[in-house]
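Here is how the chains run, residue by residue.
Number of protein chains: 2
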Amino acid sequence: MDFIKQNIDKYKDRYIEELLELLRIPSVSADPKYKEACFATAEAVSHKMKDAGLDNVEIMSTPGFPVVYGEKMIDKNLPTILVYGHYDVQPADPLNLWHSPPFEPIIKDEKIFARGACDDKGQMFMHVKALEIMLENNALPCNVKMIVEGEEEVGSDNLGEFIAKYKEKLACDVVLVSDTSIIANDVPSVTVGLRGLCYMEVEVTGPNRDLHSGVYGGAVPNPINALCEMIAKMKDENDYITIDQFYDDVIELSDNERKAMNEAPFSLDDYKKDLKLADIRGEKGYTTLERTSIRPTIDVNGIWGGYIGEGAKTVLPSKAFAKISMRLVPNQSSEKIAKLFEDYFIKIAPPSVHVSVKAHHGGEPVVTPTDSVAYKAAEKAMETTFGKKPIPQRGGGSIPIVALFEAELNAKTVLMGFGLDSDDIHSPNEHYGIFNFLKGIETIPYFYKYYAEMF
Amino acid sequence: MDFIKQNIDKYKDRYIEELLELLRIPSVSADPKYKEACFATAEAVSHKMKDAGLDNVEIMSTPGFPVVYGEKMIDKNLPTILVYGHYDVQPADPLNLWHSPPFEPIIKDEKIFARGACDDKGQMFMHVKALEIMLENNALPCNVKMIVEGEEEVGSDNLGEFIAKYKEKLACDVVLVSDTSIIANDVPSVTVGLRGLCYMEVEVTGPNRDLHSGVYGGAVPNPINALCEMIAKMKDENDYITIDQFYDDVIELSDNERKAMNEAPFSLDDYKKDLKLADIRGEKGYTTLERTSIRPTIDVNGIWGGYIGEGAKTVLPSKAFAKISMRLVPNQSSEKIAKLFEDYFIKIAPPSVHVSVKAHHGGEPVVTPTDSVAYKAAEKAMETTFGKKPIPQRGGGSIPIVALFEAELNAKTVLMGFGLDSDDIHSPNEHYGIFNFLKGIETIPYFYKYYAEMF
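These protein sequence lines map, in sequence, to chains A and B.
Just so we're aligned: 192 in my numbering is position 192 of the first sequence, and the numbers increase by one with no gaps anywhere.
Just so we're aligned: 874 in my numbering is position 419 of the second sequence, and the numbers increase by one with no gaps anywhere.
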């Protein structure tokens, strides 16, 4: 299939320019003020699908942001691959830490810098271009359907219903997703496991109004102090999570499994240097690779309360807030954990304050068997284009919808991503290597080929 | 001196209207964007002093906001009273909790609602009007100097040097300040003690940039979690402050002193009801009145870090911040406590994070002897206008400059304030009772009288 490389060499500048067009639209699904931008991005993605030669392209509405659908059905006797991606992106703040505006993409050091460059516009768009190449050359060896949603970064709240509603339309043999990373550009890997997510928001109330800390300080419960005490109580001195029954459903890996995963290339010194860390910190008894993949976590993602402006204000505030999320591992349920968190948070609240807890989106953890045809096809495709066998890897992030596909479409998902952990997705200066972008476009067609052959 | 009441009855509407003029200027000293408003307020105050008949009124510049000066020297053989007040106000946020705009004063239920209505524009302006009455009626029995500064809410950083520089000009026998409260409108009191203040700001850094909480969560120190742990470590289960040597200089009151102060009218039920508190909370072994006056405290005044916008962002942040202040009691030194705080904060920081600590303004605690001429004059003045002897009271707040006057001018300060603890100074919907405003104007001239007589 030499035409693949030839097409890429010939058209790569256009491929990149087209991606930049998508990156210029600020499709931040979490922030209401970008609502129009999200709809505009769906519009733009649908045009790209049509240009690539997909049939029956349509923007399918949901109670939230729409899903863009396109397909190429060759022969109903051939296997069908459902490609999934998302066009929404994470909020860009803190804006002051970006070296260039998040929605004015620039290319520097062979990397594309913009919010969404990697997660997931860049990776999603690789599939559109891979299809373009295969269709131009009448070389598509199987049926392909593609859906691109706009609510992944806020928990894909409407996708479950959507998939259930369009079961027939979305029927497929396997789901292919590029929203994960490889270990390094010369160390390809396929993600075979993902953590789930349980994201909570808490509010702690002391007095009914902000007070003068001199007049009332010492006698009135300070909600910030109380919230800090409660957050501190969520882990013990070994960084075990102390929420009652939190670990009950966690499946411990065998020593061999742990040994195998710790053989992946990893340098703790480089890790600490890259993050300028005085030291790492995590659950006692586990390595960094384990802490970020096979172990559940709890992190405060945001906290605020009282006076946060310039200078000094001697206020004893009425309220304090925090966003707290937990990463879950196979067999834990986000719904169950949300309940355990709420019970524990209420249980440890000092009697002098009022607390309220609400759950944002959740997602279930998943594992893909490495002996499946789908995994083998991905392995062979990467081996062909990278020149070496990819390493099966557990990812620390969450793609809540993977569990959905299995439940609703009874199809396994292959997580063949091409990003790097150092791409700063969800951080200022998110970027995506041009090498990775083009390598993805090159590799995806081989997945089609080998999957069709081995099916 | 019946003319006092007569003047008040005749002109009270004008007095109030003039105060509202001052309240319309947003002189928030903590926030740079109100810089011009602060200078404009100094200008306005100087006009009010001239209109009242004060001599040599001038706006005296400092490295920060200017001090407005005015005087009326009758006879160098008569005692001289230095009146102190401030024209700057606390920030108004959270703005959404105000029932009417903070700088568009309104009158409701016989109260003036606006930021600064009580603290301290309202109380400062009582002195201007009291002087106007006495001068109009050629009844001033002593010399009066008045200074109104613009940096009290940010720690009066430049006033120390100012007073030292103008020692001669400000020479006086006593300092009179109205920036405190009475127990109730039918229970007058004079503040004989104030707490000091030590205000710190801390920064905790984990990784060098915001990270994806899925990719890194579990292995990287989260600065918010770390900050919360550290704040939780600042008090023990009895709400004793755990900073090393924190209590070393605290002077314990005698049982009799404690008994006396606890005889002040106070209802814990009303207190809890007013603040809608599930329960009070404070240092074990002390009453609410003691916790808010004779005991030191630590309160987080503000905290922020990570994602605090709409919805959910799965970020593991790089930094977390907090503003933390301590109220100090007689014999504690704000400078020494700042050092102890910094040492302790660094000591309890987990090795995996970097911390930095900086001190905002501080202020020293003070006590006024109840057997002084100045106190007796205030007592008699209030007894005359309220019809009952005021109760000597320790205040929980801080007026850092009181210690300055003693050091630089060798003059004691009388804290004869007319506000109420329920005036919501430093909170949304700050207000000042018209009764209190007029009662202050009526009482101040009697302080002149009795002080001159007893001197």
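Hints should not be assumed to be uniformly reliable.
To be verified - Some chain B residues close to chain A (C-beta under 7 Å, calculated; not the full set): (1) Gln461; (2) Gly740; (3) Ile763.
To be verified - Some residues of chain A that are not near chain B, with every Cβ distance over 10 Å (derived): (4) Glu168; (5) Glu201; (6) Ala232; (7) Lys235; (8) Asn238; (9) Lys376; (10) Ala403; (11) Leu409; (12) Asp421.
Since the hints were made in silico from the structure, they are not lab data.
Here the structure is a predicted model, which is why all the values come from computation and not from measurement.
All C-beta atoms in this analysis are idealised placements derived from N, C-alpha and C, irrespective of residue type, glycine included.
To see whether the hints hold, each was checked on the structure:
A hinted interface residue such as Gln461 of chain B counts as satisfied when its beta carbon comes closer than 7 Å to some beta carbon of chain A; here the least separation is about 35 Å, so the hint is violated. For the restraint placing Gly740 of chain B at the interface with chain A, the shortest Cβ-Cβ distance is roughly 12 Å, beyond the 7 Å limit, so the hint is violated. Nearest Cβ of chain A to the Cβ of Ile763 of chain B: about 4 Å, under the 7 Å cut. The hint holds. With a cut of 10 Å on Cβ distances, Glu168 of chain A stays outside the contact zone with chain B, its closest approach being about 32 Å.
Chain B draws Glu201 of chain A into its interface by the beta-carbon criterion, the shortest separation being 8 Å against a cut-off of 10 Å. For Ala232 of chain A, the non-interface assignment is contradicted: its Cβ lies about 4 Å from the closest Cβ of chain B, within the 10 Å cut-off. Listed as outside the interface, Lys235 of chain A is inconsistent with that label: its C-beta sits roughly 7 Å from the nearest C-beta of chain B, within the 10 Å cut-off. Residue placement check: Asn238 of chain A keeps its beta carbon more than 10 Å from all beta carbons of chain B (closest about 13 Å).
At roughly 26 Å from the closest C-beta of chain B, the C-beta of Lys376 of chain A stays outside 10 Å, upholding its exclusion from the interface. With a least CB separation of 15 Å from chain B, Ala403 of chain A remains clear of the 10 Å interface cut-off, as annotated. With a closest Cβ-Cβ approach of about 24 Å to chain B, Leu409 of chain A is found to remain outside the 10 Å limit, as its non-interface label requires. Remark: the non-interface label on Asp421 of chain A conflicts with the geometry, its nearest Cβ contact in chain B lying 5 Å away (cut-off 10 Å).
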